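Participant: Two chains, each in its own frame: build the complex with the hints.
Protein sequences appear in the order of chains Y and Z. Quick note: the first sequence uses my numbering, first residue 1, plus one each step. Quick note: the second sequence uses my numbering, first residue 1, plus one each step.
It is possible that part of the hints are untrue.
So these bits of chain Z aren't anywhere near chain Y, every CB distance computed over 12 Å [what the hints assert, rightly or not]:
no. : residue
1   : P204
2   : D302
3   : R372
4   : Y388
5   : H405
6   : S447
Beta-carbon label-pair distances, calculated as ranges [stated by the list, open to error]:
no. : chain 1 : residue 1 : chain 2 : residue 2 : range
7   : Y       : N440      : Z       : G69       : 53 to 61 Å
8   : Z       : E26       : Y       : N68       : 26 to 34 Å
9   : Y       : N417      : Z       : M413      : 53 to 61 Å
10  : Z       : S48       : Y       : D87       : 13 to 21 Å
11  : Y       : R54       : Z       : R472      : 55 to 63 Å
12  : Z       : D127      : Y       : P44       : 16 to 24 Å
13  : Z       : A430      : Y       : E51       : 48 to 56 Å
14  : Z       : E26       : Y       : N155      : 42 to 50 Å
15  : Y       : N417      : Z       : D127      : 38 to 46 Å
16  : Y       : E34       : Z       : K201      : 37 to 45 Å
17  : Y       : K304      : Z       : K201      : 46 to 54 Å
18  : Y       : R153      : Z       : T365      : 48 to 56 Å
19  : Y       : D189      : Z       : D23       : 25 to 33 Å
Bear in mind the hints are in silico, worked out from the structure with no lab data behind them. In this text the structure is predicted, and so the values were computed from the model without any measurement. By construction, the Cβ of each residue, glycine as well, lies at the ideal position given by its N, Cα and C atoms.
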Amino acid sequence: MANYIPTTPDELQEMLGAIGVRNIEDLFAEIPPELRLQGELNIPQGMSEPEMIRKVTRLAQANETVDNNCCFLGGGAYDHIIPSVIDHLLLRGDFFTAYTPYQPEVSQGTLQCIYEFQSLICGLTGMDQANASMYDGSTAAAEAINMATAQTRRNRVLLLQTVNPDYRRVIGALTTPLGTETVNVPFEDGAIDPAKVQELINDQVAAVVMQYPNFFGCIEDIERISEIAHNAGALAIVVVNPIALGLLETPGKLSADIVAGEGQPLGIPLSYGGPYVGFLAAKKALLRRMPGRIVGRTLDVDGKAGFVLTLQAREQHIRREKASSNICSNQALMALNATIYMSLMGRDGLKEVALQCFQKAHYFKRELAKIEGVSFPFTGSFFHELVVKIPNARKVIGKMAKQGIFAGIPLDNWFTNLKDCVLIAVTEKRSKDEMDHYCNLLGGLING
Amino acid sequence: MAEPLIFDLSVNGRRGFALPALDVPEVDPADHIPARFLRQELPLPSLSELEVVRHFTRLSRLNHSVDIGFYPLGSCTMKYNPRVNENMARLAGFANIHPQQPDETVQGALQVLKSLEESFAEITGMDAMTLQPAAGAQGELTGLLIMKSYHQKKGNHKTKIMIPDSGHGTNPASCAMVGYEVVNIKSDARGGVDIEDLKSKLGPDIAGLMITNPNTLGLFDENIGELAHLIHSVDGLVYYDGANLNAIMGWTRPGDMGFDIVHINLHKTFSTPHGGGGPGSGPVGVKKHLEAFLPIPRIQFDGKKYHLQTKCRESVGPVLASVGNFLVLVRAFAYILVNGREGLKNVSAYAVLNANYMMQRLKKTFDLPFDRFCKHEFVLSGKGLAKYGVKTLDVAKRLLDFGFHAPTIYFPMIVEESMMIEPTETESKATLDCFIEAMEMIADEASKNPENLKNAPTSTPVRRLDEATAARKPDINYFQKPE
Chain Y
1 MANYIPTTPD
11 ELQEMLGAIG
21 VRNIEDLFAE
31 IPPELRLQGE
41 LNIPQGMSEP
51 EMIRKVTRLA
61 QANETVDNNC
71 CFLGGGAYDH
81 IIPSVIDHLL
91 LRGDFFTAYT
101 PYQPEVSQGT
111 LQCIYEFQSL
121 ICGLTGMDQA
131 NASMYDGSTA
141 AAEAINMATA
151 QTRRNRVLLL
161 QTVNPDYRRV
171 IGALTTPLGT
181 ETVNVPFEDG
191 AIDPAKVQEL
201 INDQVAAVVM
211 QYPNFFGCIE
221 DIERISEIAH
231 NAGALAIVVV
241 NPIALGLLET
251 PGKLSADIVA
261 GEGQPLGIPL
271 SYGGPYVGFL
281 AAKKALLRRM
291 PGRIVGRTLD
301 VDGKAGFVLT
311 LQAREQHIRR
321 EKASSNICSN
331 QALMALNATI
341 YMSLMGRDGL
351 KEVALQCFQK
361 AHYFKRELAK
371 IEGVSFPFTG
381 SFFHELVVKI
391 PNARKVIGKM
401 AKQGIFAGIP
411 LDNWFTNLKD
421 CVLIAVTEKR
431 SKDEMDHYCN
441 LLGGLING
Chain Z
1 MAEPLIFDLS
11 VNGRRGFALP
21 ALDVPEVDPA
31 DHIPARFLRQ
41 ELPLPSLSEL
51 EVVRHFTRLS
61 RLNHSVDIGF
71 YPLGSCTMKY
81 NPRVNENMAR
91 LAGFANIHPQ
101 QPDETVQGAL
111 QVLKSLEESF
121 AEITGMDAMT
131 LQPAAGAQGE
141 LTGLLIMKSY
151 HQKKGNHKTK
161 IMIPDSGHGT
171 NPASCAMVGY
181 EVVNIKSDAR
191 GGVDIEDLKS
201 KLGPDIAGLM
211 ITNPNTLGLF
221 DENIGELAHL
231 IHSVDGLVYY
241 DGANLNAIMG
251 WTRPGDMGFD
261 IVHINLHKTF
271 STPHGGGGPG
281 SGPVGVKKHL
291 EAFLPIPRIQ
301 FDGKKYHLQT
311 KCRESVGPVL
321 ASVGNFLVLV
331 RAFAYILVNG
341 REGLKNVSAY
351 AVLNANYMMQ
361 RLKKTFDLPF
371 DRFCKHEFVL
381 SGKGLAKYGV
391 KTLDVAKRLL
401 DFGFHAPTIY
411 FPMIVEESMM
421 IEPTETESKA
431 TLDCFIEAME
441 MIADEASKNP
451 ENLKNAPTST
461 PVRRLDEATA
471 ARKPDINYFQ
481 KPE
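Extracted from the complex, chain Z is given alone in its bound form (with noise of 0.2 Å):
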């Protein structure tokens, strides 16, 4: 039975919340504010509180999670989010401080933002960080944004951002949201950036590259010194999009592979919860002679207090309208705490290791188009099974009736009926078999009876749903039928 929508369980007259009572005299907002901007009806539902418990709760029952099983999204690095976390980011003195209280009443929130600066630049190895940006791709926009007042200071005239073909697709709508055109970049026979293609559009209207390392088919590009060095040769920046970031900490840094200004995603690698889409934060590294440029405020320590400084000439200005999605960074806090320094290499550790048990096993019933030791993730492909008339969208979709998350489908872009699956450290070999196996009865059942991939899911709460219609005859607001 589907659950209604919040409006059809509204009943006028019932209340879910008992406000204090008014304990001023009143007066007559029509006295005070003209009539024709006083409200005559207000859409929204009237339920009780146990009614609206039951409808959330419900409809929660419907997702799968984290908590629920295995979730292995390539890319997004869907770890366990430990609970004592959710804790901290709950204690009164950081949820309930308001962003304009004076620093001096402000100096625990201080001192942890500080100290987070200080943890994330030394394991990137960058200079100075800002926690600002709300999510990756805003971290991305923040660093091009970098990029081009360093590009502009030096009165450079610069155009272009190399990206290779794996790269996210934020990363190219992101320089487009800066006015930099894309200059894309092909792959190599290893699935490494190819670097005769890089060195032939390589010219001076090169404002940078972006680049993630490990990319997006899980491989860690060994050439990465000497691309650096190539982007450098035009007084061209490195862009490290730390999405990945999960696979290499405490093993190699962004900032020892000759990156200049680097991306982080803490609702991936630093175990913050990622809340059915958000949200995220996207803290921003640079090196030092790109520091001046970081968005305001800064937080500054003299020795004795913090404070948060808003005055630097330099600055790209805020890009948000806060310190960052605080609560968030606080999570990330505890965690680094508690892993340490051991703890987060063993992260990195796991996950590279859990990755290549499922390639290894993986590779003998899908096609793998790379095939060498991959980082925290790996690209199958599911090519082979088109004799069956079966595609990669099928495998994903009878996955769902196995109780597991699909991985990463169709991307990256370069590799045939993709399938991007990232397990992460935080799983058990017993729940690495199991997803393995449900992948291999998922191929022979492609060659026996495809029609069970073809009709997947038949166990979930809806079954596959008409997306062209939804586009084509868009209802997305309760109040508007659509036409």
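Only chain Y is shown next, with the shape it has when bound in the complex (with noise of 0.2 Å):
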């Protein structure tokens, strides 16, 4: 039922006897009879688009949402709060209609966009350089691995384990293939001791993986643990939550060599798990080593400032098999709505969006500590994130749901020695009274 193709059967009429064939069969005619689909494609007719909305609404309607419930998930993604006027940007089609800028005279407006998300992951970051965005936090740290060993020429990382389990696999599943080996670093009290660290690190480890705010959303220790790796000539590669970085001081000036993360606090709705953004920053030194496209700014034959995508040189369309990397498409419209998120958000904001996410989780870690029953396994500092220990977690858990709450990742999907252990996030967008309700709830369940 699709009205998108225009042309008129006099049209097609006048277009084949342009051709010289009767019909558009005839352009199909060197398919081999035996390759050619008998018969229709097995799926449904075409329908009316309002037929179409119809079904589709049904759809998601049968999910649960952030909206109408309330969500303390974090583990990667997290309910923040995003200004209506970011979308109404993002929808302008001369954004979301256009291609990877090849044509840089007519794409001035994607490149500035990119180069002004390259400057301000930089600023956040306290790195150097930063390319034009990556898949997801997770790739962009399975790519930040890649560029490590490519630099130092030797094949083990150390992974620390309080590093998101998800992004673990990940990267296992992506750089194994190249001959890397990755070692996990176990932690105690919910973060690493450095001193571990420094017990497994030798001249044959390219880079040690670590992640701030960790996992548990505790603050580990990176400058100590970048000194270890730089001390045995590895890298320090930091996977950090950009939001987080509104409070906390730059893996830059902390030593990190390359920055990955997950842009989607930045304003980039929860969808499900995608699309979000990859970010990707490191030191000078690396820049030859970064993957994906990157902006830079120049002059036009007439000395006006304009941007390009520059050093393609590293690419796959220009060096094929020797590239970086084989990425392509990237997440552009996804970086865009980050950018405009931080724009927006300013100085200011980002601070007290981070502030608030901080002064919430501790308010609530203080009225979870009322509640009989309730534990906290880890002792450390802990930006706006943490584990709680919950007799029965499960259960306890599955009841919340159907009260409306989403309280917590139960840790032991990943931990089994963090049985009845839930990961719960607080953000700016968490009210008091959602959390008080949240803990009357709880020590309902638990002790009533």
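Facilitator: Here you go:
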């Protein structure tokens, strides 16, 4: 029922005449008969737009959302406040119906937005350079490892166990085929003891991969761990939450060489996991190891400032099998989403978002601590995410879900030794009332 | 007037958004976090909401886009992006669900994904799909990981992948990322794979063949059945790069041609927006014997409920931290529902019609290296203009002055001064005619007034840019002036 093809029957005849064939079938004549599809595709007939809307809307309504539930889930994706104006700008056709800026003279909008994104990510992370985006935080981390193994010509990485376990699985899938060996570094009290890194590091190690704040919300000593890495000739790779960097010192100042991260917290809807946007930033020495698109500022023939895709000699369309990565399409529109968010929030706004997350999470911890039976397995500094031990956690959070609260992520999904432990995230969007309600309900379920 | 950088529009103290007031008692971060982990400065700009709106609106106006005009960028399938799909992707029931929500709270989303897997499997003729890869190149990587796992399981010692010299740059780059060596295969006089060259390089070390069909010349390789047979004879696998699926939907299927692994590009064939360079989506399909290697999570339906299965022993593992670019998948789902089986077949029919119409008319003016019916795109050569000192690049730049986006140029590399033109099915004959006339005028201009081409473009927001200096002295970060 689609109406996206404009050609009229008269035009069709005219065009067939110009080509010199009787019908469209003739244009497919060279496909050997035995390879042609016999009959029709076994998918339903097309439907009108309103019929489709009805069907798709019904499926959407079959999901519980963070609008009519109260979301304390994190683990890499966070329920932040998203200014309405962002989507209006993303819906400008000039942005979302363009492609990779291959013709810079007619792509200055996209190019300047990418340059601003790169600069904002550099400012946020304290790095010298950033690329135009990666698919998500996990693939950005995997690409960071590929950069490090190529740069150091070593093939082992120390992967701290406090790095998001989903990221660690993606890293395993994407880096082992290149011969990279990952060595897990175990945690104690929710964070890594730098002495443990010191113990495991040697001159075979290309990089140490850490997360800041780490998967459990704790603030890892990335400065000390980076120093240990450097002393062994390895690179320090830090996976960050960009919102936390509104409050926390930049990985750049704390000696990181490469920063990878997930940009979803920067105004991107939760979207059941995507599209999000990965970012990747590094120190100057690693410029030519960077994967993906990079935009640079230059001048045109009239001396007017403009932007181009640059350093393309790293990329697949030029270097083919010698490229620094195979990435082609990235997440440009989501990078724009993050760029608009950072511009709107600005210096004071992003600080305030980070500070509110911090304040609310710490309030929540104090309130949770009042509930008998609730305990906290980890004692270190944290930002806006924390691990809470709840008796019969799975059963309890199942009951809370029925009351409209997504109470947290059970950690025994990944860590068998963290039974009954739940990862709880608190953003600026959570209100005191919501947290108090959570505590009342939880107290009743545990002790009622 | 150029638009200033966002940083140069900043005024300290301005705010673009007001957060709700903090409603909990405050504590001092310095009491909870060691001082060396607290940052002192945050170099972000400060603007009002209106200033932000104006900045990005002005920037958007500097772009060419499908909404503004014809965008015949070969191999990219720049078709119309139906607006209703944007509405579907923004339904709260899809946009506002957390990836860690329990399966029972996301049954609608999982049903969309399962149903989409089935549609893609049917369209491509494969047995099982993953929707996880975030783009075509990631689909390639996923497919190659599957190929590698297959050979490892069988104890095959395989080190090389064959790729025709017309293949996309991502193909060899993806091979390198899984540690496979690339063996280039020549094209024959008809633009297809040179079977003799392939045979001469075929051996037990060949893990597989990666091929686009129709290929990047827009030509259907009639020998695909034999090619697949040859590769299978050494226990290799045949990989289909689905960048050009828009040419064949409902007419023929990779699965029926003998392919074992397929990736498709939703931002091409299934009309999801290109977004200025993404997000894309690159689902991968496989035949039954490779299903166990598909990435996790897999979507299961037990007859009553859908759930995500993460325990699959032989899986290559996840290639992304989520189920995929979900909202891109929702848009493709809506597109398939509206088109249906006859609509999709028409999509390919009219994409092929438009390309052949343009090719027949333009071959009178430009060199056509392979003169046979094309599929959804075709490749011309600008080498005939060399006698006027004009290159394909100049033709491309001059097209910008006519309000068109340029074709893909200098790819495929096997055609000298190549121009790869893909009109798509959503363009009208009138638009195609305008473009053809512009190309004819430009060819005429090349002979009479070549300077017009070499100076082009002149009507664009900026003119030709100094790419050499950009690469030599990279200015890629506002906070660091180039040396």
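Participant: Please go over all the hints and tell whether each is borne out by the structure.
Facilitator: Structure-based check of all given hints:
1. Interface exclusion of P204 (chain Z) from chain Y stands, the closest Cβ pair being 20 Å apart, more than 12 Å.
2. Remark: the non-interface label on D302 (chain Z) is consistent with the geometry, its nearest Cβ contact in chain Y lying 17 Å away (cut-off 12 Å).
3. With 12 Å as the threshold on Cβ separation, the claim that R372 (chain Z) sits away from chain Y is violated: the shortest Cβ distance comes to roughly 8 Å.
4. The beta carbon of Y388 (chain Z) is kept farther than 12 Å from every beta carbon of chain Y, the shortest such distance being approximately 20 Å.
5. With a minimum CB-CB distance of about 6 Å to chain Y, H405 (chain Z) fails to clear the 12 Å threshold, and the non-interface call is violated.
6. Distance to chain Y confirms S447 (chain Z) as a non-interface residue, since its nearest Cβ pair spans about 24 Å, more than 12 Å.
7. At about 59 Å, the beta-carbon gap between N440 (chain Y) and G69 (chain Z) stays in the expected band of 53 to 61 Å.
8. Range check, E26 (chain Z) to N68 (chain Y): Cβ separation about 30 Å, and the 26 to 34 Å hint holds.
9. Taken as a hint, the range 53 to 61 Å holds for the pair N417 (chain Y) and M413 (chain Z), whose Cβ atoms sit roughly 55 Å apart.
10. S48 (chain Z) and D87 (chain Y) have their C-beta atoms about 18 Å apart, which keeps the hinted 13 to 21 Å range intact.
11. R54 (chain Y) and R472 (chain Z) have their C-beta atoms about 57 Å apart, which keeps the hinted 55 to 63 Å range intact.
12. The given range of 16 to 24 Å is respected by D127 (chain Z) and P44 (chain Y), whose C-beta atoms sit roughly 20 Å from each other.
13. A C-beta distance of roughly 30 Å is found between A430 (chain Z) and E51 (chain Y), which places it outside the suggested range of 48 to 56 Å.
14. With their beta carbons about 48 Å apart, E26 (chain Z) and N155 (chain Y) fall inside the hinted range of 42 to 50 Å.
15. For N417 (chain Y) and D127 (chain Z), the Cβ-Cβ distance of about 39 Å falls inside the hinted range of 38 to 46 Å, so the restraint holds.
16. For the pair E34 (chain Y) and K201 (chain Z), the beta carbons lie near 27 Å from each other, so the given range of 37 to 45 Å is not met.
17. Checked against the hint of 46 to 54 Å, the pair K304 (chain Y) and K201 (chain Z) passes, with Cβ atoms roughly 50 Å apart.
18. For the pair R153 (chain Y) and T365 (chain Z), the supplied restraint of 48 to 56 Å holds, since their beta-carbon distance comes to about 52 Å.
19. For the pair D189 (chain Y) and D23 (chain Z), the beta carbons lie near 31 Å from each other, so the given range of 25 to 33 Å is met.
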